[in-house]
Amino acid sequence: MEFLPLKIADRKDMAQRKMWKEMTVTSDGHHLNPTYVYKVVLLGSMAVGKSSLAFRYVKNSFRETMPTVGCSFFKQMIRLETANIMFEIWDTAGQEKYHSVCHLYYRGARAALLVYDISRKETFNRAKLWLRELEKDFLHDEIMIILVGNKTDLVTEREVTSEEGKEFARSKGLLHAETSAKSNHQVTDVFMAIAQKLLQQEQQKETMPVQSQSWKKSHVDLRAPNSNQIKKCCKS
Amino acid sequence: MEQISKDFSELSTQLTGMALDLEEEMRQSKEDKLDLSPQTCRRDSVLSGKEEEDVTMDAWRMHQKHVFVLSEAGKPVYSRYGSEEALSSTMGVMMALVSFLEAEKNAIRSIHADGYKVVFVRRSPLVLVAVARTQQSEQEIAHELLYIYYQILSLLTWTQLNHIFQQKQNYDLRRLLAGSERITDNLLDLMARDPSFLMGAVRCLPMAAGVRDAVSASLQQARAKSLVFSILLSRNQLVSLVRKKDQFLHPIDLHLLFNLISSSSSFREGEAWTPICLPKFNSSGFFHAHISYLEQETDLCLLLVSTDREDFFTVSDCKRRFQERLRKRGVYHALQEALRTPFYSISQVGIPDLRHFIYKSKSSGLFTSPEIEAPYVSEEEKERLLGLYQYLHSRAHNSSHPLKNIYFTGPNENLLAWVTSAFELYVCYSPLGTKAGAISTVNKLMKWIRKEEDRLFILTPQTY
Ligand SMILES: Nc1nc2c(ncn2[C@@H]2O[C@H](COP(=O)(O)OP(=O)(O)OP(=O)(O)O)[C@@H](O)[C@H]2O)c(=O)[nH]1
Ligand SMILES: [Mg+2]
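As given, the protein sequences belong to chains A and B, one line each in that order.
Using the UniProt record's numbering, you'd call the opening residue of the first sequence number 1 and step up by one each time.
Using the UniProt record's numbering, you'd call the opening residue of the second sequence number 1 and step up by one each time.
For the record, the hints were derived by calculation from the structure and aren't laboratory data.
Calculated pairs, BS3-like style, for lysine-lysine (alpha carbon to alpha carbon, straight line, at most 30 Å):
1) K121/A / K168/B
2) K128/A / K168/B
3) K328/B / K75/A
4) K75/A / K225/B
5) K319/B / K75/A
For the chain A half of the interface with chain B, some residues (derived, Cβ under 10 Å), not all of them:
6) A47
7) A54
8) V58
9) K59
10) M66
11) P67
12) V69
13) F73
14) F74
15) W90
16) A93
17) Y98
18) V101
Positions of the beta carbon are idealized from the N, C-alpha and C atoms, including for glycine.
For reference, chain B alone in the conformation it holds in the complex (with noise of 0.2 Å):
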C-alpha cells in the first residue's frame, strides 16, 4: 500500500499548482469565528426580518443556500435568488453587521444559528454572504464564496474592480455585471452537484493513453506564438491541457473556465473572442480566450487562451490546423468513442461492496471518480452523498484537528476517508460491510486505479 502511494506521488501529470493558497486563506479566516449561542440568535432575526418578508415567499426562504455579495458600501451586487432589487434592504443589514462587528475589531466570520449558518467573507471591495441550510461546515461555504468573489474577478479583475470603487464608493456594480448573473448563478449549481470544487481538481475524460497523447500532440502542434494554454474539454472533463512551458493553470482558474463553457450554450455557435481574467493566474489583466465547439452537436469545445487580444485570426488559424492533425493523425473517430462513454462503473472495479469513490492526485490537481449509481438515483440523493463526502473532506482538512484516516457509520452507508501528501480517497460502501473489510479492500481498489490511471489521468502533460 505504502508502495503505490509513492507510486502516485510520482505521477507526472503537472497540470498545475496546487489549490494550497486556498486552503490557508480559509485557514486564516477559521480564527475568527464567532459562534452565537441561542440566546444571542436573536442578531438572526435580523436578517430574517419584515424587509425580508415583502420579498419572499415560503419557496424562498426554503432554498438550501443563500448567496448574497455586496460592496462595502452596502450596495447590492449579486444575489442568487430574487432580484437585487427587492433585496437590498437585507443587504444594508448585512452589512451594517459587518460593519458593526469590524468596529469592534471582531471580523465577523460567521453566525451558528438553529438550522443553518451565516457565513461572511470579506474581499474588499466586496462582501459576500451565504445563508445556508446545508451540512457543510464553515470553511466549505466560505470556499464555496471564493468561488464567487474570483468568479466576478474573471469578469472584470481585481485591479478594475478596485479602481471602479477607489473612483465612486457607492458604485452600482450590477451595470458591469448585467448579463453575467447567469454565469455565477451556474457555479452555484455546479458547486451543488460536482465534486470538483469540493476537491480542488479537475476530472479527465476517461479515454485510451493513446488517443489522448494524440490529441494532446495535435493540440500542441497548433500553436501560436500568443497562445498560453490550449484546452479540450468536454461538459466539464477534460480531454487534453496543454501550456506553455512555465505557466500552471490553477485548477480555480480552469473551475471558472469550465463554468463558464457550461452557462452559456452561445459558444455554441461561430467562434467566441472574449477577454477573460483568470484571477489566480494574473488577477490584474485579461487573457483573451477563443472558444468554439470542434463540431456541431457534440460535447467538444476548444479553448484556446491567448495574451494578445488582436491575434484572433492566428488562434482561430490554431484551431484549423488542430482539426486538420486529428484527421490526419485518424483519432477523430477514437475521440468521439470515449464521449460516448464519459463515466465508468463501479462495477468494473470487482470489489461488492463498493458503492462509490472519489480520487485525488494531489500533485496533478486531478481526480477521477465512477458515475454515481443505485441507490444513489434522484438528485437528493446524489446530492446527500456530496453531503456525505464535505463532510468527510471537512472532517479531515479541520484546521484544528486535521485527520489522516476516516472510517464513518452511517444508517444507509459506511465511508471511508484516506489523505495523505500525495493522494486523498473517499470511498462509500454499502452499510453491510465491516470496518476491517473496507479497508483490506481498499488496497484493491488502489490496486485498480493505478492499473487505469493511463485511462483516467494525463500522465504526459504537454507543453508547447
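Next up, chain A with everything else stripped away, as it sits in the complex (with noise of 0.2 Å):
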C-alpha cells in the first residue's frame, strides 16, 4: 500500500524537531528548566492496548476505545528536577492498511514502545517484525525502543510469559515491560523511564559534545534561546 512521496524539505524539519529544545525565560530573563520535546511513538498489532496505554498516562483513567482511525496525536508535560519534557505521543493504528503510513509517523521518534498483548501470541510474533521495520529506519543508538507486554491484569489468559518478553528484548537490546492499562499497571513508570533515559542522553551529550554526532540522518543541534523560537519551529 503506497501514500504519495515524501518531501525532502519536510524531512529535514523532522530532524528538526525531535532534537528541540525550549529554554523558559522569566520576565527579568532568568532560564528556567529547559524544556525538552520528544517524539514518542506507539507501535504493534490491532486492539493490544495502544490507545489505552496512551489514554492512561495522559488522562489517567481508562473506557473501552474504538480502533484507532490513522494515528492519534497526544502531548504530556512532565516536570522533573532538572528540565521539563513535553512528550508528543503518536499513537499509530495497528490496522494493516494503515501500516505503510506509519513510517510518516514514526520518523524522527525518540521512542518507540512496542506493544503486543500478553494474552495473544500472534501479537508478540508480530512485535517481532514490527521491529524488524524500525531497525530499517533507525540505527540502534536513534532511539530508544521499550518491548511492552500489555493486558497483565487477564491472568489466566495469558499467552507470552514475562521471561519470554524479558529474554527476547535481551537479545535485541530492548527495554521490557510488562503493563496493564485497565488496572494501571506500571503504565506511568514506562513513560518515566524513557523521560528519564532521554534525559540523561542529553545530559552525556552536553557534557561529551562529539559523542552526539553519531546520528545516522544529519540534524542541527539548535538550541532555542528563548521560547520564541520552537513556536515558529511548530508552525514550519
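Both chains come to you apart, so use the hints to assemble them.
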C-alpha cells in the first residue's frame, strides 16, 4: 500500500524537531529549566492496547476504546527537577491498511513503545516484525525501543510469559516492561523511564558533545535561546 | 409561489456540486432490470438454501436488509450481519449467479421475489449485493450499495483497490478492511434513519446567520497552504464549510466524512491524523485529515483536509488559530447556545395540519427538516415516515415516469412531493386535511422557509 512520496524539505524539518530544546525565560530574563521536546511513538498490532496506554498515561483513566483511525496525537508535559519534558505521543493504528503510513508517524521518534498483548501470542510474534521495520529506519542508538507486554490483568489468559518477553528484549537490546492500561499497572513508570533515559542521554551529550554526532540523519542541534523559536518550529 | 421557487434557485450556497452523476449511474443500471415472476423465484431458494441455514437463526433472517460485498472471485469482503466466514458459501452462490447471468450477456441487477428484493451492483473488482425486505425501490437500494462501495474506496482508493486485484485475483480484502467494519455498519444504520442520504444533501445546524458568518470567517482565517477543506460539524450537521477556490466537495464525500466521524469515539481523544480518500473528488489519491473535537464534552468536531501528509503541525496550528479567532470574536458562547437546540419544532411554522417536511435546495446541496415529533415517536414509526419519503422520492425520480407533483393519501397521513429544478419539497400532513388544503399551505411553508433561510442554510459560503 503506497502513499505519496516524502517531501525532502519537510524531512529535514522533522529531523530538527526531535532535537528541540526550549529554554523558558522569565520576565526578568532568568532561565528556568530547559524544556525538551521528544517524539514517542506507540506501535503494535490491532487491539493490543496502544490507545488505552496513551489514554491511561495522559488522562489517567481507562475506557472502552475503538480502533484508531490513522493516528492520534497527544501532548504531555512532565516537570522534573532539572528539566521539563514535552512528550509528543503518536499513537498509531494497528490496522494493516495503515502500515505504510506508519513510517511517516515514527520518523524522528526518540522512543518507541512496541506493544503486544500478553494474552495473544500472535501479537508478540508480530512485534518482532515491527521491530524489523524499525531497524530499517533507525540506527540502534538513534531510538530507544521498549517492548511492552500489555494486559497483565488478564492473568488466566496469558499466552506470553514474562520470561519470553524479557529474553527476546535482551537478545535485541531492547528495554522490556509489562503493563496493564486497565488496572493502571506500570504505565506511568514506562513513560517516566523513557523521560529519565532521554534526559540522561541529553546530559551525556552536553558533557561529551562529540558523541552526539552519531545520528544517522544529519540534523542541526538548535538550542533555542528563548521560547519564541520553538513556536516557529511548530508552525513551519 | 413561482417567485419563491425562483428565489430559492438563486440561493448562492454553492458548497458542492450536485449528486447528479449518481442519479445518472442509477438510470443506466435501471435498464438491466430482471423481474422474476413467481415460478422463477425458485432461484431464491438457492440464496436461502442449506448453507445459509447453518449461519442463521431466525433473527438473522428477519433483518430488514442484508448487505454483502464480495470480490469478483467470489471471496467475501463484508457482510452486515454474521461473520463473512460463515457466509462465504452464500457469497459464492451469489457470485455464481452474477457470473452466470453475465455470461448470458444479461447483467443481473435485481431479483424481485415475495416480500423482498435482491439487488446487485457491480463495480469491478467488487460486487455488492443487498437482500432487502424494505419498501425501497431497487434504485434506492442500489444507491445505498454505491455508498458502501464509495465507503470502501475512501479507505483504500480506487487505484489501490484495482492494483491489489490485478496482482492477485483471489486476494482476501478483509485483511485490509479489518478494523473498519464498524464504519460500514454505521453507514448502513445511518442510511436507514437519516434522510441526508436519500436527499443527497447535507443538513446544517440551525443558527443565527451572524454567528455562522463569524465562525466561517474564523475558519477562513485559520488557513494553510495545504488545506483544501475546513469543516466544522456537530453530530452529522454542518456548521460551516470553507473550501479552496474552485474546489467543490461532493455531498457523498461529505457524508462519508460525517459517517467516519460519527462511527468512532476514538476521535474524542487527542488529534487524529489520517489518510482518507474522497472518492467523488479524486478516487486515486489520499488526502490527510486532521480530526479533533473542539472541547471535551461538546459535539463540535473540526475536520481539516490537507493535501500534504507531512503537514500535521501546520494543520494542527490552524486548529489553535481557529479557536483563538472564535474567542476573539466572542462567538464561542453563541455557538454553544446553538448546539443546545440542534432541531426546530414544526409548530414554529404555524400550520395546523403540518407534521413534518424535508426541503432541499438543489444548488447548495443542503436540506432542512424539523425535528420528527409525535406521532412518529418510536423508532419503527420514524423509520416508517422515512420509508414514506423514500417512496415519494422514488416515485418522483422514477427514470421512466418522473413526476413533479405527487399527492399521496394514506390511512395515517397525507403526503405531498414537489420537485422543481431548484428544490425538492416533501411534506407530511395529518390524515384529516384535504388536497386543496395541503396545496394552499405549501405556499405558507415556502414563505416560512424563505424567512428562516439564513438560519437554516449557509447563504454565504467562504473560500480561502
Ligand atoms: N483487560 C485489558 N484490556 C485492555 C487493556 N488495554 C486495552 N484493553 C482493551 O483492548 C481493546 C483494544 O484496546 P485499544 O487501546 O483500542 O488497542 P489499540 O492497540 O489502540 O488498537 P488499534 O488502535 O486498533 O491499533 C479494548 O477493548 C481495550 O479495552 C488492558 O490493560 N487490560
Ligand atoms: Mg488505538
